[in-house]
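**Q** Chain order of the listed sequences is A and B. So for the first sequence, our numbering puts the first residue at 1225; every next one is plus one. So for the second sequence, our numbering puts the first residue at 7; every next one is plus one.
Just so you know, these hints were derived from the structure itself, not from any lab. Possibly wrong hints are sitting among the right ones.
As the list claims (entries may be wrong) - Chain A regions said to be covered by chain B (calculated; three or more residues, Cβ under 8 Å): (1) 1315 to 1328; (2) 1410 to 1416; (3) 1672 to 1678; (4) 1960 to 1966.
Said to hold, decoys possible - Computed list of chain B residues with no C-beta within reach of chain A, every gap over 10 Å: (5) Pro13; (6) Ile15; (7) Gly18; (8) Ile21; (9) Ser23; (10) Ile27; (11) Gly37; (12) Gly52; (13) Ile56; (14) Val77; (15) Ile80; (16) Ala86; (17) Ala132; (18) Val134; (19) Leu137.
Source: prediction; values computed, not measured. Ideal Cβ positions, reconstructed from N, Cα and C, are used throughout, including at glycine.
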Amino acid sequence: MLWALFSAHLIAVPAAVAAGRASMRAGLLAAAAAPAVAAVWAAAELASGGGPATAELVWVRGLDVAIRFRADAVALMMTLLVAGVGALVMVYAAGYFRRSAAGGTRFPATMLAFSTSMLGLVWADSTWTLFIFWELTSITSFLLVGHKHVEASVRMAARRALVITAGGGLVLLAGLIVLAQEAGSSALSGLAPVSGGAAATAGVLILIGAATKSAQVPFHVWLPGAMAAPTPVSAYLHSAAMVKAGILLIAVVGPAFAEVASWKWLGIAFGVASMLWGAVGALRHRDAKLILAWGTISQLGLMVALLSAGTAKAVFAALALLFSHALFKAALFLVVGEIDVRTGTRDIGELGGLWRSMPVAFAVALLAGGSMVGLPPLVGFAAKEAAIEAVLALGGVERAVVAAGVIGGSVLTVAYTLRLLHGAFGPGPSTSVASGGLLMTAPAAILAAAGVAGYAAISSVNRIVVPAAAELSEKADAYALIRWPGLKTAFVVSVLIVGVGGVAGALWASRGVGRLPAPVGASAADGIVDKTLGFSPRLTALVQHGSLPVYLAVMGSVAVVAAVVLATEFSFGHLVWWDSPVQAALAAAVVGAALAGAFVGSRLGAALALGAVGFGVTGLFLVHGAPDLALTQLLVETVVVVGFVLGLGHLARRFPPIKNTWRSVRIAIAVAGGIAVAAALAASGSDPAGRPPVDDLVSGAAVEGGGKNVVNVILTDIRALDTLGEVVVLATAAVGILALARARSQGADPS
Amino acid sequence: MSEPRAPAIERGIRIVSPLAIVAGVYLLFAGHNNPGGGFAAGLVFGAVVILRAVAGIGRPAYAFGLISLGVLTIAAVSIAPVLWGDLLLDQRIGSWELPVAGEVKTGSALPFDIGVSLIVVGLVSALVDGLSGPPDRGPWPQTGRGGK
């Protein structure tokens, strides 16, 4: 079933391109089909409660290189969110973009490609599979963030997101390799607990990778910039999908690091810092989308801190928050997008009075905002209660640190939510509003209504969240979300949070929106990105000098150095003068032609002399009984000589004069290189390690490859992987030549 | 080419071209048991391309298509076995009784070799495309030295 769903997504990508040719709207609606099916499947699977579906595609069995999928309870919950929110957002986007919007072939397909990568990431059951899809989400998200790529600031933001998340992916890869070594398996399910120095290293590396993806301080700088993306992208990637990848990773590998102190404390540090700094950022900004983005940083920090604390109750609460956050944050983004489309601005200083002109959006924003703050009767309330209870149940220093972060962050959350709702919908300059459409309203309303329905039918939410938590932490199935906790400490704390936050928010909002805040950290991050990209051409210019003689000199020198290793094996004992006198004659001809090529002054003469060398070698191959080599050599020489004739038309007839010192260097390198290669060949024949495998190859060729020409069976069957690599090199070179030729014919400078 | 063309050479190349292509196809099929193979066949086809360019008969226009087709063929042949559960690049061999030819034996190495020969022709065509043409197209673009 997993393969069927995954292939359906893959097939739907070109289908979305085709539909997008007609219009952006058709493409988006076509793209929404596959995620919708996946979401329904996940819901059905959760309802049936059977064992996890698995699927695998093995490449190299011995090395454990395979694509492995496993849809356990955690993966099913994430599938429901990723595919469900994805389908809704794509429908929404069909209303968000103008009918004539450009990029119809590109945007829907990229969106679906992202959704597919996310599905692979969620289902991944081996470290390698996880990494591949992790990086694919980085790349597809780069394309989506950079959708409006004509603007320089958008390109910069997309690049920043790519460099940070893909760079974090590399750190993650290092961590995953160490983890797989330590745990003795690349499987992610049932990961054995690890401990010790290597495990601590792996833990830190994986956490950094997760923190870049989930926008944790100080790696959060890409997320506000990524708001340059069209709002549907933000609603999807930056609420339900991509930023949740880091949370999912921490949740899935967390049990293995239960004993590792550095894992726990680094995670808590990331989480608490992000919770507070994200909330402060949300209070500083006036762009509604940026407020939501900073809020996301804060909420993700809450989940990271809870997961790092690692108790069963905390893990349960984190998953409950993850679920409710995906619903309310996506709904809020969709509302902000609708406001943007219908009023032309997202600045809460310019907006106001929308409660009257956009009543449905106002209702959605109230429900989603209430869920974000943690008010009943909304699912966010139940999740927040669980989180506060879990924090209060922690012990020692952890309790103090995490509680300070959670309570402080929650108070600020109440404040910035109030400020956002007040600024956009509350009293103020009545903004003129264009008409909207059902395509935009309905998905947001569905998501907001899901928050209410989830509270009303809390047992169905528990059927999603509790098995997922139990998958990660055995004792977690003792917990459940409840509608009304009664007068417990946690409830009192959350009443205080809402009270204090409400007052603070009201005061802050009444103060006006203030000036645009100065960005903190973004310019430093851009500086690092710029320096990295600037270093690349300088390094390239140093290594890729561009002068052919210098390249040849380097290659010759390296050959000399490489041959030194073989020189110790050299012996004269096995050398004979010749097998037949014809070889002597041919060898003399080859040497003569080579000397002629070195001394002749005209380019054409040198090319012909080189051709003569090649034809002489062809003769040597023939005499030695290697018709295949001879044939290939003959053909190569023919093509090369004729190619020279073609190419020399562009050059002067004679070689340019060169300085004597440079000439002597070249002669020295050439002589040394020639001697080194000859010596290496002689040495490699002097001491064969055991019996040569010729007989095995001949019988193997006939049995396995079904051919009598051993050379060709080696090329196409026994060593086909080598051939594959070689022809890819050939094809790459050919494409490079074509690109150069095209640049020249257009008279354009390729750099 | 700027040189005046030699009619005899041109006519000769026109006559030889189809023969050479037949020879290349023979090499492609013979490669499994006798000297030949995809690389050699590709070079023979490439020689035809390059000779026709020298004689001024025509310049190759399909280099990119040939390369793409070759890479796609090879990728398909390589990955296909994985899809039915074998190892990457695993070969399948089959033999058929055909009415005229008698028993014909072939394997998935044949499409692999065809892909190789397509890439080689594509490479040669790209070279010809890069090297031929009027010299007044100006010098090669200056690369290296970190030039902007």
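**Q** Determine for every hint whether it applies to the structure shown.
**A** Do the hints match the structure? See the list:
1. Requiring three or more residues with a Cβ within less than 8 Å of a Cβ of chain B, the coverage given for the segment 1315 to 1328 of chain A is violated, as only 0 such residues are present.
2. Coverage of the segment 1410 to 1416 of chain A by chain B is violated. Counting CB-CB distances below 8 Å, 0 residues qualify, and the rule asks for three or more.
3. Check result for the segment 1672 to 1678 of chain A against chain B: violated, 0 residues qualifying (beta carbon to beta carbon below 8 Å, three or more required).
4. For the segment 1960 to 1966 of chain A, the stated coverage by chain B is satisfied: 4 residues place a CB nearer than 8 Å to a CB of that chain, which reaches the threshold of 3.
5. Once the 10 Å rule is applied to beta carbons, Pro13/B is consistent with being away from chain A; the minimum gap is 18 Å.
6. No beta-carbon of chain A is positioned within 10 Å of the beta-carbon of Ile15/B; the least distance is around 12 Å.
7. For Gly18/B, the non-interface assignment is confirmed: its Cβ lies about 14 Å from the closest Cβ of chain A, beyond the 10 Å cut-off.
8. For Ile21/B, the non-interface assignment is confirmed: its Cβ lies about 17 Å from the closest Cβ of chain A, beyond the 10 Å cut-off.
9. With a minimum CB-CB distance of about 14 Å to chain A, Ser23/B clears the 10 Å threshold, and the non-interface call stands.
10. Distance to chain A confirms Ile27/B as a non-interface residue, since its nearest Cβ pair spans about 14 Å, more than 10 Å.
11. Distance check for Gly37/B against chain A: the nearest CB is about 5 Å away, which does not clear 10 Å, and the non-interface claim fails.
12. At the 10 Å boundary, the C-beta of Gly52/B falls inside the reach of chain A, the nearest C-beta of that chain being 5 Å off.
13. Under the 10 Å C-beta cut-off, the non-interface status given to Ile56/B relative to chain A is violated; the minimum distance is some 5 Å.
14. Residue placement check: Val77/B does not keep its beta carbon more than 10 Å from all beta carbons of chain A (closest about 5 Å).
15. With 10 Å as the threshold on Cβ separation, the claim that Ile80/B sits away from chain A is violated: the shortest Cβ distance comes to roughly 6 Å.
16. At roughly 13 Å from the closest C-beta of chain A, the C-beta of Ala86/B stays outside 10 Å, upholding its exclusion from the interface.
17. Residue placement check: Ala132/B does not keep its beta carbon more than 10 Å from all beta carbons of chain A (closest about 4 Å).
18. Not every C-beta of chain A lies more than 10 Å from that of Val134/B, the closest at about 7 Å, which undercuts listing it as non-interface.
19. Distance check on Leu137/B: its Cβ comes as close as 4 Å (rounded) to a Cβ of chain A, failing to clear the 10 Å threshold; non-interface status is violated.
Checked against the numbered hints above, the structure breaks hints 1, 2, 3, 11, 12, 13, 14, 15, 17, 18 and 19 and satisfies the rest.
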